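Protein chains: 2
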Amino acid sequence: MTRTEGLRERRRRQTHREIQEAALRLAGERGFAKVTVEMISAEAGVSTRTFFNYFPSKEAAVIAMPPMPPDEDVTAFAAAGPADPGDVLLDLIALLLRDMARHPPERGALHAMFALGQEHPAVLAAMLAGFEGFQRQLAVTVAARTGEQPHDEMPRLIASLAMAAIRTGMENFTSGEDDDPVPYVERAVTTLRTLLGR
Amino acid sequence: MTRTEGLRERRRRQTHREIQEAALRLAGERGFAKVTVEMISAEAGVSTRTFFNYFPSKEAAVIAMPPMPPDEDVTAFAAAGPADPGDVLLDLIALLLRDMARHPPERGALHAMFALGQEHPAVLAAMLAGFEGFQRQLAVTVAARTGEQPHDEMPRLIASLAMAAIRTGMENFTSGEDDDPVPYVERAVTTLRTLLGR
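Quick note, the sequences are listed as chains A and B, same order.
Residue 51 in UniProt numbering sits at position 51 of the first sequence, with consecutive numbering throughout.
Residue 179 in UniProt numbering sits at position 179 of the second sequence, with consecutive numbering throughout.
Honestly, I wouldn't trust all of these hints.
[Claimed, not checked] Here are the in silico distance ranges between beta carbons for each label pair:
1) LEU7(B) - GLU106(A): 34 to 44 Å
2) GLY81(A) - GLU132(B): 29 to 39 Å
3) ALA33(A) - ARG25(B): 50 to 60 Å
4) ASP152(A) - ASN53(B): 39 to 49 Å
5) ARG136(A) - PRO183(B): 22 to 32 Å
6) GLU106(A) - PHE131(B): 21 to 31 Å
7) GLU132(A) - GLY28(B): 18 to 28 Å
8) ARG193(A) - VAL182(B): 28 to 38 Å
The set of hints was computed from the structure by calculation and includes no laboratory data.
Because the structure is a prediction, the values reported are computed rather than measured.
Just so you know, even glycine gets a beta-carbon here, dropped at the ideal spot from N, CA and C.
Work out the full structure: start from the sequences and follow the hints.
Written as structure tokens, this is what we have:
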């Protein structure tokens with residue numbers, strides 16, 4: 001247990017992962033259309049009430065979305081204060097990479113999610129809406145650091161660019177061979193730095 | 001009729017727009033769930049066969065997605081050849097802005113699309129999948145210019161960043177007051193230039 005992540009947070013991540021694995025396993029076995037929230041809850045050994053504390057729908061349960069980094073890390077990022085926008089972007093990506101190194105996503109789960117998204121518009125909608133929501137949270141985080149509003153252009157663009165690097169890296173990871181996602185994202189960040197001229 | 005856009009292309013844009021307007025009008029009057037492809041086709045005065053030449057579904061018909069710029073402009077962009085990646089990005093955005101100035105999207109249609117997307121996951125999925133598809137075409141265009149492959153990192157990142165600027169501008173246009181979308185995108189591009197350090 002690190003200082004930046006308490007026991008409760010670890011349990012939350014664990015339950016989140018167990019429900020997701022149950023949902024993906026059932027979707028693989030029976031076909032996603034036949035799977036219900038009740039079946040997923042029973043398979044994961046939780047009540048449907050607990051299920052809905054974690055996910056709004058069965059579609060959401062098959063989406064492997066990175067949670068935001070721990071509050072302490074986000075607070076430290078914000079406390080660093082205004083800086084050159086390019087530096088804020090690179091700091092934000094570094095924050096996300098540190099969290100990814102601690103909790104690497106699993107290639108199989110990402111693969112299954114993308115495959116379900118291609119077959120089921122509701123899964124695709126949940127997936128892309130998840131990316132949008134994550135990106136909005138990133139804009140809030142940037143704005144907390146720079147003293148801007150989350151809907152101002154610079155925080156939104158910094159959040160978009162960070163997401164573009166993360167997504168490019170994750171897509172390469174999903175179709176790649178190395179089991180560690182971090183180097184894939186690092187390579188995308190190197191490309192982004194070339195674009196930023198730094 | 002300009003040299004870069006023939007009569008056939010103008011007719012295509014016109015029919016596209018008429019079907020879309022019919023779909024949005026019917027969705028507003030009767031509720032999207034009750035609208036069928038047959039109803040939209042009748043309202044627009046086209047056969048369902050023509051409908052399906054333009055849109056794969058009723059969800060797709062309410063999505064106001066920019067078409068790619070005319071082939072001649074894309075060819076000229078590609079013929080300019082390899083350049084500094086930041087310059088390729090700014091050239092790509094300039095290409096899209098020229099097309100937007102010629103065929104400005106209508107605020108009402110964008111508003112209606114975003115509202116339908118919030119209510120109907122299938123519309124949201126079609127909308128976000130439309131953005132993804134457009135972005136993929138941009139990566140192909142960039143790769144044709146730089147001699148890379150469309151799935152290489154740089155073309156994908158350049159396409160993502162161009163989309164980020166366009167989407168930020170369009171979101172501000174949709175909630176803004178000026179009837180011309182171009183200045184909204186130009187402001188987002190100015191912010192992006194700051195991030196790129198140029």
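Quick rundown of the hints versus the structure:
1. Look at LEU7(B) against GLU106(A): about 54 Å separates their beta carbons, and that is not inside 34 to 44 Å.
2. Between GLY81(A) and GLU132(B) the beta carbons are some 36 Å apart, a value that agrees with the proposed interval 29 to 39 Å.
3. At about 33 Å, the beta-carbon gap between ALA33(A) and ARG25(B) misses the expected band of 50 to 60 Å.
4. Range check, ASP152(A) to ASN53(B): Cβ separation about 42 Å, and the 39 to 49 Å hint holds.
5. The hinted window of 22 to 32 Å between ARG136(A) and PRO183(B) holds, with their beta carbons roughly 24 Å apart.
6. A hinted range of 21 to 31 Å for the beta carbons of GLU106(A) and PHE131(B) is consistent with their spacing of about 27 Å.
7. Under the hint 18 to 28 Å, the C-beta atoms of GLU132(A) and GLY28(B), about 25 Å apart, fit the expected range.
8. Against the hinted window of 28 to 38 Å, the Cβ-Cβ separation of ARG193(A) and VAL182(B) comes to about 30 Å, which satisfies the hint.
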